[in-house]
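The hints should help you fit chains F, L and C onto chain E, whose structure is shown.
Protein chains in written order, with my numbering: chain E, 268 to 411; chain F, 268 to 411; chain L, 4 to 77; chain C, 4 to 77.
Some clues are possibly wrong.
What the hints assert, rightly or not - Here are the simulated DSBU-like cross-link-like pairs (lysine-lysine), alpha carbons at most 35 angstroms apart as the crow flies:
hint	chain 1	residue 1	chain 2	residue 2
1	F	Lys372	E	Lys372
2	E	Lys372	F	Lys386
3	F	Lys386	E	Lys386
4	E	Lys386	F	Lys372
5	F	Lys372	F	Lys386
6	E	Lys386	E	Lys372
No lab work stands behind these hints, which were simulated from the structure alone. Since the model is a prediction, treat every value here as computed from it, not as a measurement.
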Amino acid sequence: MRVALIETALDPWQAVQTHQRCLTPGSYGATALFVGTMRDFNEGSGVSELFLEHYPGMTERHLVQVAEEAQARWTLIDVLIEHRVGTVYPDDPIVVTAAWSAHRKDAFEACRFLMEALKSRAPFWKRETTEQGSRWVERNTAGY
Amino acid sequence: MRVALIETALDPWQAVQTHQRCLTPGSYGATALFVGTMRDFNEGSGVSELFLEHYPGMTERHLVQVAEEAQARWTLIDVLIEHRVGTVYPDDPIVVTAAWSAHRKDAFEACRFLMEALKSRAPFWKRETTEQGSRWVERNTAGY
Amino acid sequence: MAVTVRFFASLRERLGRDEVQVEASTAEQAWQLASGEASLPANVLVAVNMAYVDPAQALEEGDEVAFFPPVTGG
Amino acid sequence: MAVTVRFFASLRERLGRDEVQVEASTAEQAWQLASGEASLPANVLVAVNMAYVDPAQALEEGDEVAFFPPVTGG
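One chain only, chain E, in its complex shape (with noise of 0.2 angstroms):
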């Protein structure tokens, strides 16, 4: 299991190719991957710019905590959680998540999972600046 907040950019595809060479060759035959990337528009508004502020302690012990559960509840190889931290700008990613198992449906489900228990879990907080200036995100849109 990796867990990791990234300060710098963060390289999804690089991400998951150098924890992939940690797995047993052959052992997986499926691997689900998720990129949240930043956007320029949000609600309506163009979008600059985006400061994520997190708690450290807390984030990191909540992503270890999905990390687990997804791991706990499917049949999991390994997983992988990666989170930017502090400002990014459109197009940057932001988060990625990924399953590795040896059948295709624990891997979308624990994938879809690990996105969902994290947005919902995880003490991250979103400030965008806009054309009107800066405002705080105050809900994630729906996942299922």
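Same frame as chain E, but now just chains F, L and C:
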């Protein structure tokens, strides 16, 4: 939309990154990806080699139909399907499906649909080589 | 109708043939003539001109009729 | 109990404070003393020592009590 049959090594991470360069930066917030990789075991036997047969013409046509159906059913920015044909070995990627959307719900559901629809409709057949010789795979495992 | 019949994967190996020309008016009849077997096995899929069809479908001159086992891609 | 109260994100900005030391026996009471507001807004989340808790939970000496708005990561 990109749909391709690949006769040489398939690099799913490169495929996704290359395709993503065609998309408008900042337009998508969600990328869901699935990679199917060859395992070295199946139904209790070790597998050393897998031959992927297809029906030239019909296979491509059905991959395009699957991609178009995903785009009709979900709000997507783009989709990608690449599938290996020919002989593959353990740890080789066999298939990648990806869906880009503004929101994660559409990306997750469409990516999973691409895989399930592809597995149920696109004419591919696997013949695997085990210690006992070679055998045709009779059916896929359940996806939902 | 003169049609081209194609077999794929395990079906091609079992029947020992790949492509056969026959005169048939339905896919079922094309199966009988091309495979030499009376009835189409329940799990065999049928495509005419690369689209899945019901085996009872009427054929047209020059159609390509394909028979193959359940697909196992992905 | 002497506890450390921490505020995050929009709550920190609205209250104009980041970290406050107070003497309180529950998280709710810690809120009142640290924020200067009588009641805890319904959508404010409460964590004690980095675990989510009910605001009525009793505190222990040295606890870290955090208040923050709905989380919006991912």
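Between E/Lys386 and F/Lys372, is the straight-line Cα distance small enough, at 35 angstroms or below?
13 angstroms, holds
| message | For F/Lys372 and E/Lys372, compute the direct alpha-carbon distance and say whether it is at most 35 angstroms. | response | 17 angstroms, holds
Satisfaction of hint between F/Lys386 and E/Lys372, Cα-Cα up to 35 angstroms: Between E/Lys372 and F/Lys386 the Cα gap is close to 13 angstroms, so the pair holds against 35 angstroms.
Proposed proximity, E/Lys372 with E/Lys386 (alpha carbon, max 35 angstroms):
22 angstroms, holds
Are the Cα atoms of F/Lys372 and F/Lys386 separated by 35 angstroms or less? With Cα atoms ~21 angstroms apart, F/Lys372 and F/Lys386 stay inside 35 angstroms; holds.
For a C-alpha distance cap of 35 angstroms, please report whether F/Lys386 and E/Lys386 respect it. 31 angstroms, holds
Of the numbered hints given earlier, the model fails none.
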